[in-house]
Amino acid sequence: MAPSASPVFSPEQVQLFDSDSDCTTLIEDVTQPMRVRMTALVRRTQREIIAAVEQLEAKAHMEELSKLKTRQQATTDGAPANPLDALISPSADFAREDPVTAVMLTSDMPAAGSDAATFFQDTWLRPEGGAGWSCVLSRGRVFEKAAVLVSVVHGQLTKSALEQMSARGRPVSPDRPALFFAAGLSLVIHPHNPHAPTAHLNYRFFEVYHTETAGSTCIAGLNPVASWFGGGADLTPNYVTCIAGLNPVASWFGGGADLTPNYVYAEDGRHFHGAYKSVLDQFDADLYPTMKRTCDDYFVNVHRVTRTPEAAAAAASAPLRCGATLDPMPHNSRMPETGPSVTHERRGIGGIFFDDMDQLPDLPGAFAMVQALAQTFVPSYLPLVDARREQASSARHRRWQQLRRARYVEFNLVHDRGTKFGLATPGARIESVLASLPLTARWEYCPPEPEPGTPEAEALAIFRQPIEWA
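Letter 357 of the sequence shown, counting from 1, is numbered 357 in the numbering used here, and no numbers are missing.
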């Protein structure tokens, strides 16, 4: 986005957001408004994550070129050539056992020897006030899809939104006109290899400003009544005007990071959770266990019901459910079930999740925590992908990956508050809202339970009953 004047930021600040060094200066400048510091943080972090992902794609590209050169040399020396050897991808290991599936899967892979995958970067404007940077990589050698999104938005709050905030204890008045500002970063990364986990991250900030005139678009000089972290970014001069100079009446943060493996490796879980625990322990030893529990309780597909054998037998003939013979974990219930005989599937093995964070011991302290967490993502996640991106896999592994991705899609579309908020927000960029969805997924009617003792069964048991990792 070309630098320009802004209703939220000065022209000078707008230019600074495009430079990592300038963003660092803004982040560290405690005299800057929190909206400026947070926007600088999400923009810098977005570029850092994109650079790290592209670096891993470039590494895989160079390795592919080396393998192609070796194979070409072997062919020149008289060794027989197998066309499937050109499939330098996670699907290569099962190309011979299932060539039809291999051809289908490699349609989502880059051609052998082609350039390294990079992010497509798209800037957009929200007519109601705001802008964003949506960066998406598709069909790479390592990653099937990666979306790293920043949005900075502002506008008027509805009375119903203010009533919800007031019910959560925020010092806002539903009877007074109010404007808001929100800035945030979100990402979802889906690797090709079934043994490499998917990851999600989101950090957001939100502020509320009361105005005295209904329909007012100027919030200059106002004091925000509430502030917290969410998503959005606005650098355009055409919409809501004059936030600059306002003091929020309340401010808070939200977000977190979580891991969604298809196959659960204990060392990966310990590494991911341990990285976040180490960071949070520097602020308060109670933060990690609280945020871990909140994460376990949030990322749940409550419509996916698992019963004890006794409960399953009793429900086998119930309408709208798969029969016990086909599926001992009926999952087509109209309403979520609860009770000691029922459990629900988590999306993955969790991580951390928090909302309405405004003390630690103050808002700047909470911002310092968010900044430290944002810097933790790359070292907590990308080494796991690098270690497993070429791990041997079969058609069985790929099928399980596709089934688990279907669960991921179900959660995002049915339960995720951010997705539902985005779909319901006037002027929202729907392509960006749905960028978290994988390129491929698989739904089967009443699939059988994994065989006991298999890696799939062990993973499913953890998804249904979270364990401690750190």
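Treat the hints as calculated values from the structure; they're not laboratory data.
Be aware that a few hints might be false.
Derived DEER-like restraints, expressed as beta-carbon distance ranges [said to hold, decoys possible]:
no. : residue 1 : residue 2 : range
1   : Ala-424   : Val-30    : 33 to 43 angstroms
2   : Thr-31    : Thr-70    : 53 to 63 angstroms
3   : Lys-69    : Glu-128   : 52 to 62 angstroms
4   : Val-30    : Glu-449   : 49 to 59 angstroms
5   : Glu-451   : Ser-166   : 17 to 27 angstroms
6   : Thr-31    : Ala-111   : 47 to 57 angstroms
7   : Thr-24    : Thr-454   : 27 to 37 angstroms
All C-beta atoms in this analysis are idealised placements derived from N, C-alpha and C, irrespective of residue type, glycine included.
Going through the hints against the structure:
no. : hint                                  : result
1   : Ala-424 x Val-30: 33 to 43 angstroms  : holds, 36 angstroms
2   : Thr-31 x Thr-70: 53 to 63 angstroms   : holds, 58 angstroms
3   : Lys-69 x Glu-128: 52 to 62 angstroms  : holds, 54 angstroms
4   : Val-30 x Glu-449: 49 to 59 angstroms  : holds, 55 angstroms
5   : Glu-451 x Ser-166: 17 to 27 angstroms : violated, 52 angstroms
6   : Thr-31 x Ala-111: 47 to 57 angstroms  : holds, 52 angstroms
7   : Thr-24 x Thr-454: 27 to 37 angstroms  : violated, 48 angstroms
Taken one by one, the earlier hints fail for this structure at numbers 5 and 7, listed in ascending order.
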